[in-house]
Structures are given as C-alpha cells and as structure tokens.
Amino acid sequence: MKWAGLLVLGFLLVLIYWLVDPATSSYFPACPFHSLTGLQCPGCGSQRAVHHLLNVDFRAAVEQNMLLVFSIPYVIFGMVLDRIPNPSERLHHWKRTFYGRKAIFLVLILICLFWIFRNL
Amino acid sequence: MKQYYYSDGLSTHGPFSLEELRAKKLSRNSMVRIDSSEKWLPAEQFPELEGSFGEETFARPDSFGSQTDYEPMPKTWFVESILVTVFCCLPFGIAGIVNAARVETSHRLGDYAGARRSSEEAGKWTKIGFWIAVGGLVIYLSFLAVAVAFDQF
Chain D
1 MKWAGLLVLG FLLVLIYWLV DPATSSYFPA CPFHSLTGLQ CPGCGSQRAV HHLLNVDFRA
61 AVEQNMLLVF SIPYVIFGMV LDRIPNPSER LHHWKRTFYG RKAIFLVLIL ICLFWIFRNL
Chain V
1 MKQYYYSDGL STHGPFSLEE LRAKKLSRNS MVRIDSSEKW LPAEQFPELE GSFGEETFAR
61 PDSFGSQTDY EPMPKTWFVE SILVTVFCCL PFGIAGIVNA ARVETSHRLG DYAGARRSSE
121 EAGKWTKIGF WIAVGGLVIY LSFLAVAVAF DQF
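Protein sequences, first through last, are from chains D and V.
Those letters in the first sequence? Residues 1 to 120, per our numbering, in order.
Those letters in the second sequence? Residues 1 to 153, per our numbering, in order.
The set of hints was computed from the structure by calculation and includes no laboratory data.
Do not rely on the hints blindly, as some may be mistaken.
Computed Cβ-Cβ distance ranges for the label pairs, DEER-style [as the list claims (entries may be wrong)]:
# : chain 1 : residue 1 : chain 2 : residue 2 : range
1 : D       : MET1      : V       : TYR140    : 18 to 24 Å
2 : D       : LEU81     : V       : SER37     : 28 to 34 Å
3 : V       : SER17     : D       : LEU13     : 22 to 28 Å
4 : D       : HIS92     : V       : MET31     : 20 to 26 Å
5 : V       : GLU19     : D       : THR37     : 39 to 45 Å
6 : D       : TYR74     : V       : ILE139    : 27 to 33 Å
7 : V       : GLU120    : D       : LEU81     : 35 to 41 Å
8 : D       : THR37     : V       : GLU38     : 17 to 23 Å
9 : V       : ASP35     : D       : MET1      : 49 to 55 Å
Remember, predicted model here, so these are calculated numbers, not experimental data.
In this text, a Cβ means the ideal position worked out from N, Cα and C, and glycines have one as well.
Turn these sequences into a full structure, and let the hints guide you.
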C-alpha cells in the first residue's frame, strides 16, 4: 500500500517535472535555505535540473545543478552494488574503493566545496 | 601504513590494515605476507599479530556466518543520504553521510556494535529526510490543488 502510494506519487512527479519548467512557474516549492539567506545550497536548482534531465537536455541540467547530475549515476551504481547477493571479491573491491570510508569523506568535501564555489 | 595479505590455503585475501588483519583472528600457522615483501611467513612470526590469534580453524572472512565473531558491515546508507542531500534536506543528508563514515570506521576497527548503532543512526536521518520530502510534497500539492480549484470558480 505504502509502495503503491509512493509509486503513484513518483509517477505524478515525473509527469509534472517533465512537462513544466520550474524556472518559468511560481508554483514550485522554493529552497528554505535560499529563501532565508539568498545563497544557494548544494540542492538548489535540483527541480530545474530534473526538468532538463527528463527532457534529455544534459547541458541545461548541469548548468542548474552539476552535483545532482553527476551524483545520479554514482548513486544508481552504488544501489545496484548494494543489492547484488553474494558479491564476488572484485565487486567487494569496487565497493570499498568507490563507496568506502575515503570515498565518503571525499564526497562530503566535494559537497561542501560545491556549496561554497557556486556562491562565489 | 603496512598492508597485509593472508592465504587460506586456496586463495589470497587482502590487502588489509593491521587492525583488519587482527580482527580476522587468523590461526598461528596461517601464511601472511606484507605488501613490501613477496615472502610468505606463518602469522605467529609477526610480533604485531600477537594476541589476535583465534582457534585452530582458518579465518574465512568472505563466507559470512562461518565465524562466530565476525559480522558483515551493516548498511551504511551512504548513497541514500547523497540523494537526500541533493534532492531535499541538506542537514539530514549530511547527518546521514557522516554516520555512514562512522559505520565504516567502527566496522574497520572491529567495533561491530558501534557500526550497527551508526548504521541505525544513518538510516534514521536518511528516512527522516526522505519522509519530510514526501510529506512536504503531498501537503504542498494538496494546497496547490485547492488553490487552483478556487481560482477556477
């Protein structure tokens, strides 16, 4: 039931974000951090980026939120790796390399750098 | 830092840090080598491994459950918290990522209880972020629907 609800919601969202560009409409929720400070957080532009991704315009999506565009393949790969039963030694190695402790710290640093530099 | 490899007689496992290798509870006669040397030596000839030896059997870290005190790493929630960070709730996402790092650190040190606690913590923040996003959207969309409906008439 919960998953059916989420599925319907997800389908609706894809439809909305595919058809409407959040940049041209005032009906979309704004980022509270941006509203308060006027600065952009690492997630700002995600709605616009998703709209462009759904319309297969990668360049426009990267312009709106680079972090989101690059994190999607990374996240999908990580989720797939997580769900493979009885992973081989090589998959273990990949997991340790790309999603291990060092990778986590690197991602944290990248998010913070992105946060700072997109406001400069 | 020195990297260690050990052999279970069939295949080589590694590289491991000293702490990881100690957590494997090798037997005294398991063959071990360090990365700077090609020479295999019995584990008991490494003074830094003293006190970490287990029972007679070989440690088989890759077949989970065959060893009583080794636990596989609990879910770190790392990638899920990245999603929460970029899509919705930055503070919750960051809390998730930091706890994901804690899971790795504790597990590496052999502190399995600590790793489980951090995993629960990471999952908690990630789920809070996720449900705030979903709940917020549902509330937002219903307000919007009402507003649009009133606009029509």
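Exercise for the section: Enumerate the violated hints, using their earlier numbering and listing them in ascending order. Expected result: Those not satisfied are hints 3, 7, 8.
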